[in-house]
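K.L.:
Sequence:
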Amino acid sequence: NNNTCRDILFCETGVYDPEYYIVYRQWLYLRHILEEKDLHPILINVINLAIDAGTPMGCRIKKLVEAPDPLDISRNLCRISIANSSSTSRAYYRYINPTLQQQSLYQTFYDVPEIYRLSWSRFRMMSTHLAVQKGRWHKVERANRRCVCGSIQDESHVLFQCPVTEDLRRGLILNGIPFDNLQQLFYWDDLKSCMSFIHKVLGRLQ
Numbered sequence: 002n003n004n005t006c007r008d009i010l011f012c013e014t015g016v017y018d019p020e021y022y023i024v025y026r027q028w029l030y031l032r033h034i035l036e037e038k039d040l041h042p043i044l045i046n047v048i049n050l051a052i053d054a055g056t057p058m059g060c061r062i063k064k065l066v067e068a069p070d071p072l073d074i075s076r077n078l079c080r081i082s083i084a085n086s087s088s089t090s091r092a093y094y095r096y097i098n099p100t101l102q103q104q105s106l107y108q109t110f111y112d113v114p115e116i117y118r119l120s121w122s123r124f125r126m127m128s129t130h131l132a133v134q135k136g137r138w139h140k141v142e143r144a145n146r147r148c149v150c151g152s153i154q155d156e157s158h159v160l161f162q163c164p165v166t167e168d169l170r171r172g173l174i175l176n177g178i179p180f181d182n183l184q185q186l187f188y189w190d191d192l193k194s195c196m197s198f199i200h201k202v203l204g205r206l207q
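Every position in the sequence shown, counted from 1, becomes a number in our numbering once 1 is added.
Since the hints were made in silico from the structure, they are not lab data. All C-beta atoms in this analysis are idealised placements derived from N, C-alpha and C, irrespective of residue type, glycine included. A portion of the hints provided could be inaccurate.
To be verified - Label-pair restraints from in silico Cβ distances:
#: 1; residue 1: R61; residue 2: K193; range: 45 to 51 Å
#: 2; residue 1: L119; residue 2: E67; range: 36 to 42 Å
#: 3; residue 1: I116; residue 2: I45; range: 48 to 54 Å
Make a model of the complete structure from these sequences and hints.
P.N.:
Here you go:
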C-alpha cells in the first residue's frame, strides 16, 4: 500500500525501500573494493583522486566509506522517528509493538497461508481499507469514519466490538485465545489462529 509509513514498514518487516537499498548496496560495494584494493589499483586511484579533489561524487564516496552499516543507522532512525512522532499511525504502532523490534514472523518460517500473513501485516501497519484508514487518506473527520454497524470503524472495534464479526470472535474464544486488547492478540502463542481471525475480519468488512 502506497500509504504505508516507510519507517513503520522498515521497523516491522526489515524490508527497506529502494532508497535504503541503493545506499546499502553502494556501501557493500565500496567495502568490498577497499578490502581487496590490491586487485583494483586503478579504481582505488580514481576513488582517491575524487575524494582528494572534493568532487560531489568524492564527497559521497568518502561519506559512505567512513559510515557504519547504513541499514543499522536507517533502522535506528526509523525507531527514533516512530518513538517521537505524534501521528495517530505511529502511536498505534507503538501500542502494538512497544519495543519497536522487527517481528519474528519475518525472520522465521511459519506454516501459515501467505494470504493470512498479508492480512496480518496490513492490519499491523495500518494498510487496510477500514474506515479509520480511508478517512485518514481522504481527510474525513474521525467521528464520521463509520462502520456498517454505525460505530467508528477502527482496528479495536472490528476485532473486539463489532456485531458483524461477533461469530468470528466466538470461534476465537473456543480456541482459548484472548481478545481483550490488540497487544494480547498479536503476541498470543497460536499465531496461525490469530492471523486467520484477522484475515476473516478484514474479508468481511473491507
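K.L.:
Decide, hint by hint, whether the structure agrees.
P.N.:
Do the hints match the structure? See the list:
For the hinted restraint 45 to 51 Å between R61 and K193, the CB-CB distance of approximately 46 Å keeps it satisfied. Range check, L119 to E67: Cβ separation about 40 Å, and the 36 to 42 Å hint holds. One distance hint, 48 to 54 Å for the beta-carbon pair I116 and I45, holds here, with the actual separation near 50 Å.
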